[in-house]
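Engineer: Hey, can you work out the whole structure from these sequences and the hints?
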Amino acid sequence: NAGVTQTPKFQVLKTGQSMTLQCAQDMNHEYMSWYRQDPGMGLRLIHYSVGAGITDQGEVPNGYNVSRSTTEDFPLRLLSAAPSQTSVYFCASSSQTGSGNTIYFGEGSWLTVV
Amino acid sequence: GQQVMQIPQYQHVQEGEDFTTYCNSSTTLSNIQWYKQRPGGHPVFLIQLVKSGEVKKQKRLTFQFGEAKKNSSLHITATQTTDVGTYFCAGPKGATNKLIFGTGTLLAVQP
Numbered sequence: 001n002a003g004v005t006q007t008p009k010f011q012v013l014k015t016g017q018s019m020t021l022q023c024a025q026d027m028n029h030e031y032m033s034w035y036r037q038d039p040g041m042g043l044r045l046i047h048y049s050v051g052a053g054i055t056d057q058g059e060v061p062n063g064y065n066v067s068r069s070t071t072e073d074f075p076l077r078l079l080s081a082a083p084s085q086t087s088v089y090f091c092a093s094s095s096q097t098g099s100g101n102t103i104y105f106g107e108g109s110w111l112t113v114v
Numbered sequence: 115g116q117q118v119m120q121i122p123q124y125q126h127v128q129e130g131e132d133f134t135t136y137c138n139s140s141t142t143l144s145n146i147q148w149y150k151q152r153p154g155g156h157p158v159f160l161i162q163l164v165k166s167g168e169v170k171k172q173k174r175l176t177f178q179f180g181e182a183k184k185n186s187s188l189h190i191t192a193t194q195t196t197d198v199g200t201y202f203c204a205g206p207k208g209a210t211n212k213l214i215f216g217t218g219t220l221l222a223v224q225p
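Note that the protein sequences, when read in sequence, are chains A and B.
Numbered according to this note's numbering, the first sequence spans residues 1 to 114.
Numbered according to this note's numbering, the second sequence spans residues 115 to 225.
Derived by calculation from the structure, the hints in this document are not laboratory data.
Note that the Cβ used here is the ideal one computed from N, Cα and C, for glycine as well.
No incorrect hints appear here.
If you only want the chain A side, here are some residues facing chain B, beta carbon under 7 Å, derived: (1) Gly42; (2) Leu43; (3) Leu45; (4) Phe90; (5) Thr102; (6) Phe105; (7) Glu107; (8) Gly108.
Structural biologist: The structure is reproduced here in C-alpha cells:
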C-alpha cells in the first residue's frame, strides 16, 4: 500500500531554474493538496484540488502552478525558483473533501534554491 | 483572514511529566484535527473532533474541542520519549475545502 508518493525527496536548484515536484496517490482520493513547511511557520497550503480538472489556490500560491489531469497525480511546478522557495514540501490527499476527512501526507520533498 | 495559533511553540519536559498544547482559531471551526510530526518525518493524523465540548481519549492522549468550537487542546499524561515531535491542530477555512494548520508545538522529552 503505497499511499501518497512524492518525488524527488531532495533537490537543489539554482535561482531561476524550473522544476516539478511529483505527487501520486493510489487511494482513489478526490482531494489533493500541496503544503510547504518552514521553521516556525507550520504548514501553509499552496494549492489544492477537489478532483480531476479542478484546482484552487491556497494561502501561499504565488510562484507555483498545479494541474490535475488524473485523480492519481497532482504535480507542483516551480516556474522560476527563488531562494524564498527553499522549504520542505508535502503533498497530501483525502477522500471526498479536505474538510472532515483524514488527510494522508507524503514523506516530503526537501528543496533548496541557491 | 482566519488564523489558527498554538501555544506554546516549544515545550521541554522530563519523562513522566504531563504536557498540554492549546489551539486557538480566530473563527468558529466545523471540526478540528490533530496531527503529530516526528523530527524529519511527515504529519500523521491523530484524531478529529466535531462536536462542541467533545472530549476524546487515545491511551495517554486527551483531546478536547471547546464549547464555542474556536479552541482545542491536546493533553498528554506521563510523557514518554516516543511522544517527541511537533503537534499540529488543523481546521477548515470557513466552508471551503482548505485545511489550515496551526503553528505547531514542538515537544521535547528528556529521559
